[in-house]
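Enquirer: Letter by letter, the chains look like this.
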Amino acid sequence: MHPHSIEPRGGPSLSPPVRWTIVGIAVLAVGFFALGGGPLKQSTVRAYPSRPLAPEPEPVLLAPPPVDDEFFPCEDCHEGESADPEVRELDEHEHVKLKHGDLWCLDCHDRDQRDLLHLSDDSPVEMSESWRLCTRCHAKRIPDWRAGVHGKRTGYWSGRKEYRTCVVCHDPHSPLFKPLAPKPPPIPASQIHSPTATRSAEMNDAGH
Amino acid sequence: MQDTDHKERTTSRRQFLKAAGTVAGATVGLPGTSKAFDLEELFQQHFRELSQEDLERVLQRMERKYEEEYGKPFSVEATGPLDGVMFGYGLDISRCIGCRRCVYACVDENNQSRDPQIHYIRVLEFEREEVQRWIDFEKGDPFYDHEEVPAEGKLYLPVACQQCEEPECVRACPTTATWQEPDGIVVIDYDWCIGCRYCMAACPYGARHFNWTEPGIPEDEVNPKTHYLGNRPRAHGVVEKCTWCIQRTREGRYTACVEACPVGARKFGNMLDPKSEIRYLIEHKRTFVLKAELDTKPKFFYFYG
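Respectively, the protein sequence lines represent chains D and P. Its first residue numbered 186, the first sequence is counted upward by one per residue in this note's numbering. Its first residue numbered 8, the second sequence is counted upward by one per residue in this note's numbering.
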């Protein structure tokens with residue numbers, strides 16, 4: 186960006202009252218600076234009172250959205266049966282399109298208690314605590330997530346901070362973040378017709 | 008000692024202004040001048056020199072003015088910095104997908120002009136291959152438009168004010184209308200800005216924006232919860248920029264862009280707090296700042312998560 190690029194081209198002409206006001210202000214400014222105006226030596230604002238920081242509470246883990254009623258509880262259909270471990274095309278659950286490494290359902294879902302997930306030692310995990318399942322294979326992500334650096338914190342940086350479980354952003358069946366439609370691009374200068382607005386947009390284009 | 012100096016200086020200045028006010032009243036009180044030429048506004052002291060009571064008066068006057076203009080209750084606060092806080096910002100470029108949710112959340116929160124359009128955040132799109140080792144700013148395209156993002160092979164880099172520790176913009180300002188607060192936010196007193204735009208020329212990041220006309224914000228979209236140094240509506244002829252949502256962050260909240268980011272790429276917090284996410288990412292991640300060679304010392308860190 187070059188300094189000269191911000192000069193307005195042929196600025197608007199000023200009406201007489203405005204011009205006089207400017208002259209008046211210039212005169213005032215001279216007097217003002219002569220009387221000790223100019224650069225402020227203070228480092229802070231006079232009116233600011235001291236505001237101590239409150240101690241930080243622990244971050245709050247938000248519950249994941251509940252599993253769709255249409256399928257939950259799973260035991261409505263799966264009660265008392267032990268799953269068929271064979272990797273195959275299912276007649277049910279068509280919407281579950283696995284695209285997660287080369288995992289199969291039973292790597293995560295419990296074979297005998299279908300309402301539950303399980304860890305590698307077969308210990309059960311509630312659906313609502315599914316992040317513990319992810320920990321099993323993505324342990325490296327967990328410290329970042331706990332620190333609020335992977336995933337997202339909202340609310341208060343100083344105060345109640347909320348964070349989210351993995352399945353809020355990652356569908357466990359195909360975990361890659363889903364693409365989104367972007368919001369509209371900024372308006373380029375050439376498409377703004379008012380002359381003053383054009384300058385504004387050009388200026389904004391020049392600065393990036 | 009210094010205090011007395013200060014008091015003397017401000018009193019004499021105030022007396023001068025009072026006398027000058029009478030003169031100016033005669034000059035500017037011409038028929039046909041602007042509808043609300045407010046003398047009190049003209050002779051308002053510099054924000055940093057206002058006493059608690061004067062500040063209170065100024066804020067109330069502004070609230071009345073905005074209420075009239077936008078036809079709804081307004082609050083204009085001047086909440087000060089928290090003790091022991093130096094703000095910092097992190098942006099994970101391995102997560103950003105270029106969806107521009109942040110851009111518009113910022114516009115809404117911070118009362119940016121809709122028409123003509125002002126955006127504090129520009130999301131630049133790069134060819135991933137071209138930025139393997141070095142980001143050449145000028146190659147970024149802010150106007151990309153796709154059905155869906157992220158587009159194949161692209162990398163996204165949102166840019167707004169970098170809140171430099173050595174801000175060139177502050178140095179360039181001839182009227183001390185812009186300065187760095189104790190918590191590190193570079194602010195503008197819109198009432199002291201004369202619109203010379205030296206700061207815009209000085210800023211290496213294009214982060215400052217000028218109101219070439221009266222800003223256009225629909226009444227039903229204006230955010231009435233404002234801060235003097237932040238999102239209160241600006242006037243024609245002044246410069247504005249991102250203030251890390253000073254009206255939110257001074258109350259302990261996250262910025263609007265952090266809240267809006269669907270992938271969680273944006274991080275904000277207190278760099279002096281060893282348990283904050285900003286400290287964590289500085290200590291554990293590979294970070295870089297934009298145009299480091301200029302030594303402006305941004306407090307805005309890009310990182311690879």
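For the record, the hints were derived by calculation from the structure and aren't laboratory data. Just so you know, not all the hints are guaranteed correct.
Covered by chain D, according to a simulated footprint, are these stretches of chain P (three or more residues, beta-carbon under 8 Å) [as the list claims (entries may be wrong)]: (1) 123 to 133; (2) 164 to 176; (3) 270 to 279; (4) 296 to 306.
From the three backbone atoms N, C-alpha and C, an ideal C-beta is built for every residue, glycine too.
Enquirer: Run every hint past the structure and note whether it holds.
Expert: Against the structure, the hints come out as follows:
no.	hint	result
1	123 to 133	holds (count 6)
2	164 to 176	violated (count 1)
3	270 to 279	holds (count 6)
4	296 to 306	violated (count 0)
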